[in-house]
Amino acid sequence: DTAVSQTPKYLVTQMGNDKSIKCEQNLGHDTMYWYKQDSKKFLKIMFSYNNKELIINETVPNRFSPKSPDKAHLNLHINSLELGDSAVYFCASTTSGVPYEQYFGPGTRLTVT
Amino acid sequence: AQSVTQLGSHVSVSEGALVLLRCNYSSSVPPYLFWYVQYPNQGLQLLLKYTTGATLVKGINGFEAEFKKSETSFHLTKPSAHMSDAAEYFCAVSEGTSGTYKYIFGTGTRLKVLA
Chain A
1 DTAVSQTPKY
11 LVTQMGNDKS
21 IKCEQNLGHD
31 TMYWYKQDSK
41 KFLKIMFSYN
51 NKELIINETV
61 PNRFSPKSPD
71 KAHLNLHINS
81 LELGDSAVYF
91 CASTTSGVPY
101 EQYFGPGTRL
111 TVT
Chain B
114 AQSVTQLGSH
124 VSVSEGALVL
134 LRCNYSSSVP
144 PYLFWYVQYP
154 NQGLQLLLKY
164 TTGATLVKGI
174 NGFEAEFKKS
184 ETSFHLTKPS
194 AHMSDAAEYF
204 CAVSEGTSGT
214 YKYIFGTGTR
224 LKVLA
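Protein chains in written order, with my numbering: chain A, 1 to 113; chain B, 114 to 228.
In case anyone wonders, no lab produced these hints; they're calculated from the structure. For clarity, every value in this text was computed on a predicted model and none was experimentally measured. Ideal Cβ positions, reconstructed from N, Cα and C, are used throughout, including at glycine.
Non-contacting residues of chain B with respect to chain A, defined by C-beta distances greater than 12 Å in every case (computed):
1. A130
2. G175
3. S197
Result set (BS3-like, lysine-lysine): computed pairs, CA atoms no more than 27 Å apart in a straight line:
4. A:K41 - B:K215
5. B:K171 - B:K225
6. B:K215 - A:K9
7. B:K215 - A:K36
8. B:K181 - A:K44
9. A:K44 - B:K225
10. A:K67 - B:K215
11. B:K215 - A:K52
12. B:K162 - A:K40
With the rest of the complex left out, here is chain A (with noise of 0.2 Å):
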């Protein structure tokens, strides 16, 4: 059983256009994250999601909308696509409390031409 799951795993589009990257976890954790990491494997964290709730909105374009239906889903959508949003995105899982390890999942490629 997969822990941490994301759909696509490859995504290849064209400027302008609108893309969701879906994201669940079967951990039972509350805290699920979105992060970009660029082609110098640099990863930075764009939003945190406990409970349903947005915590962390660090800043990234309005053009990326995260949305958490349950504890166990995370997606996010991006707007009008650009060149730079080309990256590996990662969703990730925890649970709150004592900051324990999060759990990855393989992460999407998105390449926008």
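Since the structure of chain A is already known, use the hints to place chain B on it.
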């Protein structure tokens, strides 16, 4: 705000040699520290973590790290490198309060193991 510095974006070692990956952090409160490994085209996987207690932490695949408060360091070591250790390694520190923890990652160190 907390931060993490990983010295050396690329490290090469011979198979069987000691692996040493450096991590320094800045934190105004006792830190929670983590090392993650990322194999090509995969997500990050936890190697080990330090929360409280024993400062020498043992992880998976023979890795260990020592928390040194006086040096604000959390270096990762492995006595004998194996070809399968070739990957990207990330040090991370957490900040925040329950339910709002944010994890700050270093810029990563790519480990290359030479035959």
